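> Here's the letter readout for the chains.
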Amino acid sequence: MFNILLLFVSILYFSSADASKAYITNEKDNTLSVIDIDKRKVIKTVDIGQRPRGITMTKDGKLVLICASDDDRVEVRDAETLKLKYHLPSGPDPELFVLSPDDSILYIANEDDAMVTVVDMNERMIIDDIPVGVEPEGMGLTNNGAVLVNTSETTNMAHFIDTETLNIVENVLVDARPRVAMFTPNDEEVWVSSEIGGTVKVINPNSKAVTHTIGFEIPGVNEESIQPVGVKHTNDGKYTFVALGPANRVAVIDQKTKEIIKYLLVGQRVWQLAFSNDQKTLLSTNGVSNDVSFINVEKLKVEKSVKVGRFPWGVVISP
Amino acid sequence: MNIKNFLLVLIFLSLTLTNKVDTRELSIQQLEERKKADSERAEKRKKRGKKAFSKEITLTTKITFVSMERKNPPVLSNLDPILTDEGFYGVKLAIEDNLTTGRFVGHDYKASFHRVSLNEKLNQEFEKLIDKGHKIFIVDLTEDEILSLKKLRGFDQVLIFNIRSKSDSLRNEKCAKNIYHIPPSYSMLSDALTQYLVKKKWTKWFLVTGPDKSDKNYSNALKESAKKFNIKIKEEKVWDFTSDLRRTAGKEVPIFTKGSRYDVLVVADEKGEFGEYLAYRTWDPRPIAGSQGLKPNSWHRTHEQWGATQMQNRFRRESGRWMTEVDYHAWTAVRSLGEAITRTQKNSVTDIIKYLSGSSFGLGAYKGMKVSYRSWNGQMRQPILLAAPRSMVSVSPQDGYIHPFSELDTLGKDKPESTCKF
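First to last, the protein sequences are chains A and B.
Residue numbering for the first sequence follows this note's numbering, starting at 785 and increasing by one per position.
Residue numbering for the second sequence follows this note's numbering, starting at 582 and increasing by one per position.
This is chain A alone, in the form it adopts within the complex:
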């Protein structure tokens, strides 16, 4: 009996320790909110560097990396304690970044500087920088890490970069203010959202041709406030979710046919998205209403919103 009790207690203990967490950067009050995904509650808020935006994690879930844009560096924090471990050099104004599949290289978009900075994670040193278009932001990487796509907001291009040579191989013109580039799980397409253009372009990474342009129409919402930003694909190839900014909605798109299935009403000015590990839940950061919406992916329903700090920007979920 005692053993069973012990077992029960230990299960409880481990399940709580293993509980998946969402980390949210709050751009305007320089804090990080941590949400317990199961409980759907903020469990911790800590002060971090200035103007935190992009956020990511190492594959083992041990380190959280944060772009502290106004400090011109990347903060590396312990995922458990959230204590600052060290800074990585990043070049000026880091906004968004992506880690190579083996976590050895960090590719950073420097928004003020028209550069993509390449950082060696072990040496903690800048090893190269690649001149790209004006106000680079979106960073998409293939599963094998061979091709990096960066978008530049004022140049309106998707830059295809060979990560072997760290040179640009091709530039594809997209619609105004491209924000996010995201490869489909099979790497056969890269989707690029354009905030001011109001579209998502689907590009074939081999031919570099635009194969689809997805537009959005929402009854009662004017065209100008439909501003696509965050893009997330489900691994089963079924859905793609696109955050539509001040339209306050997340579009659900059939990943294969590119047809729009549904619009989900979330908080105000929705930008970035992240899946829970089982991909059953999608989180959205809503900048103006200062909250995070929980979307049930199976039912395509918004189930809850959780208040966080001022202007939640980026979100990452622990493995």
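Honestly, the hints are just simulated from the structure, not real lab data.
Every value quoted in this text rests on a predicted model; they were computed, and no experiment measured them.
A couple of the hints might just be wrong.
As the list claims (entries may be wrong) - Simulated coverage check for chain B against chain A, where a stretch passes if three residues somewhere in it have a Cβ under 8 Å from a Cβ of chain A:
id: 1; segment: 876-883
id: 2; segment: 946-953
What the hints assert, rightly or not - Here are the in silico distance ranges between beta carbons for each label pair:
id: 3; chain 1: A; residue 1: GLU907; chain 2: B; residue 2: LYS628; range: 15 to 23 Å
id: 4; chain 1: A; residue 1: ASP822; chain 2: B; residue 2: LEU660; range: 51 to 59 Å
id: 5; chain 1: A; residue 1: LYS867; chain 2: B; residue 2: ARG902; range: 34 to 42 Å
id: 6; chain 1: A; residue 1: ASP831; chain 2: B; residue 2: GLU621; range: 46 to 54 Å
id: 7; chain 1: A; residue 1: ILE911; chain 2: B; residue 2: LEU660; range: 45 to 53 Å
id: 8; chain 1: A; residue 1: GLU1007; chain 2: B; residue 2: LYS780; range: 48 to 56 Å
id: 9; chain 1: B; residue 1: PHE986; chain 2: A; residue 2: TYR870; range: 48 to 56 Å
id: 10; chain 1: B; residue 1: ARG902; chain 2: A; residue 2: GLU907; range: 51 to 59 Å
id: 11; chain 1: B; residue 1: ALA969; chain 2: A; residue 2: ASP831; range: 42 to 50 Å
id: 12; chain 1: B; residue 1: ILE983; chain 2: A; residue 2: ASN988; range: 24 to 32 Å
id: 13; chain 1: B; residue 1: SER750; chain 2: A; residue 2: ILE911; range: 44 to 52 Å
id: 14; chain 1: A; residue 1: ASN988; chain 2: B; residue 2: SER698; range: 43 to 51 Å
id: 15; chain 1: A; residue 1: GLY845; chain 2: B; residue 2: LEU660; range: 50 to 58 Å
Even for Gly, the Cβ is constructed at its ideal location relative to N, Cα and C.
Please arrange chain B on chain A, whose structure you already have, making use of the hints.
Leaving out everything else, chain B in the frame of chain A:
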């Protein structure tokens, strides 16, 4: 509430409120550091033998900036420096942006800057430039100066972007097919302000107009907006005092503003000769709006939404000062050209006009929605920022003003009201 609880609340409040007072803007020092880091990085890149992606140049576009040397008016306020380089850094930054894009598509851009000095004649100098083959102009000129250009030999073959004048007649009866207007017209500004005042239900106005022509233009636009939005102008006065108000405003303004009951004092004083001295001195306690107080703008230093922080930082890094409206207009004009040339791969005046006035043109210009041009008069459609000196109050068009084509066309003269005929 007992004293202990009250103290606890007080301590809590003071802790939470004092915590978040960091400024948003980077200091000039920080910007300088970034600049230094940039050049260091560029040097390192050179050492590594790294080359930026660049396509062979197939198209070169020359852009000419024309401004006038002017006699400085007597100093009315010793707060703000008088700028003689407005527009310059806007052009420079936009050329750099265009060049970055151009590198990827094989387009080159060259800018030249011409400042007509006090002892030169604008028309002569301009004609010389046309004769030399300059085709695309960004002009920092007044209404009358722009109108005088229309008589010049070769005017029909050039393309002109107005970056200063807000005159409505330039955009209506005196319009021209090859002149684009980046600044919002007086009627766009007055509609933007009026929509907000209507929302606040401040619909009884006291209107004060200054002595200059531009003040009258602004004032006329305000009167038209008042009619359009059913505002009552309870009283209307012209300010024609000539004394230095810094010593006497306390005596003059209360008497000047005594009279009818009104909600808001609306002022048209483009040069700022007296408008700044109205606030806190009116007979009745009333807010000020118009050319002072709550002011409709195309750009403002308090603007930080929709990527504007990036623009403000990049501009300050380049120039060491804040971006003005004229700088913003210059940037937007040159970027519009870049966008048209990048998308069409052509740079002749007729091709650019065709694309700019067409329906596919749209430019991201840090206003939260794309800006474009009205095909009937070349005016740039744009949201208007309503700002107090140190805070952004609202952005017009206000919610609820709908339009079959674009909500931005609820500001200023719409197609049916326009008297412009090309």
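> Taking the hints in turn, state whether each one holds.
These are the hints, each one checked on the structure:
Counting residues of the segment 876-883 of chain B whose C-beta sits closer than 8 Å to any C-beta of chain A gives 0, which falls short of three, so the coverage hint is violated. With a cut-off of 8 Å between beta carbons, the segment 946-953 of chain B has 3 residues touching chain A; three or more are needed, and the interface restraint holds. One distance hint, 15 to 23 Å for the beta-carbon pair A:GLU907 and B:LYS628, holds here, with the actual separation near 18 Å. Look at A:ASP822 against B:LEU660: about 57 Å separates their beta carbons, and that is inside 51 to 59 Å.
Separation of A:LYS867 from B:ARG902 is about 40 Å and conforms to the stated range, judged on CB atoms against 34 to 42 Å. Our hint of 46 to 54 Å for A:ASP831 and B:GLU621 is violated, since their Cβ atoms are close to 30 Å apart. The given range of 45 to 53 Å is respected by A:ILE911 and B:LEU660, whose C-beta atoms sit roughly 48 Å from each other. Distance hint check: the CB atoms of A:GLU1007 and B:LYS780 are about 23 Å apart, inconsistent with the given range 48 to 56 Å.
At about 54 Å, the CB distance of B:PHE986 to A:TYR870 agrees with the hint of 48 to 56 Å. Between B:ARG902 and A:GLU907, the C-beta spacing of about 40 Å breaks the proposed range 51 to 59 Å. Judged by the Cβ atoms, the range 42 to 50 Å given for B:ALA969 and A:ASP831 is violated: they are separated by roughly 30 Å. The hint said 24 to 32 Å for the Cβ distance between B:ILE983 and A:ASN988, and at roughly 39 Å that hint is violated.
The hinted window of 44 to 52 Å between B:SER750 and A:ILE911 is violated, with their beta carbons roughly 60 Å apart. At roughly 56 Å, the beta-carbon separation of A:ASN988 and B:SER698 lies outside the given 43 to 51 Å, and the hint is violated. A:GLY845 and B:LEU660 have their C-beta atoms about 54 Å apart, which keeps the hinted 50 to 58 Å range intact.
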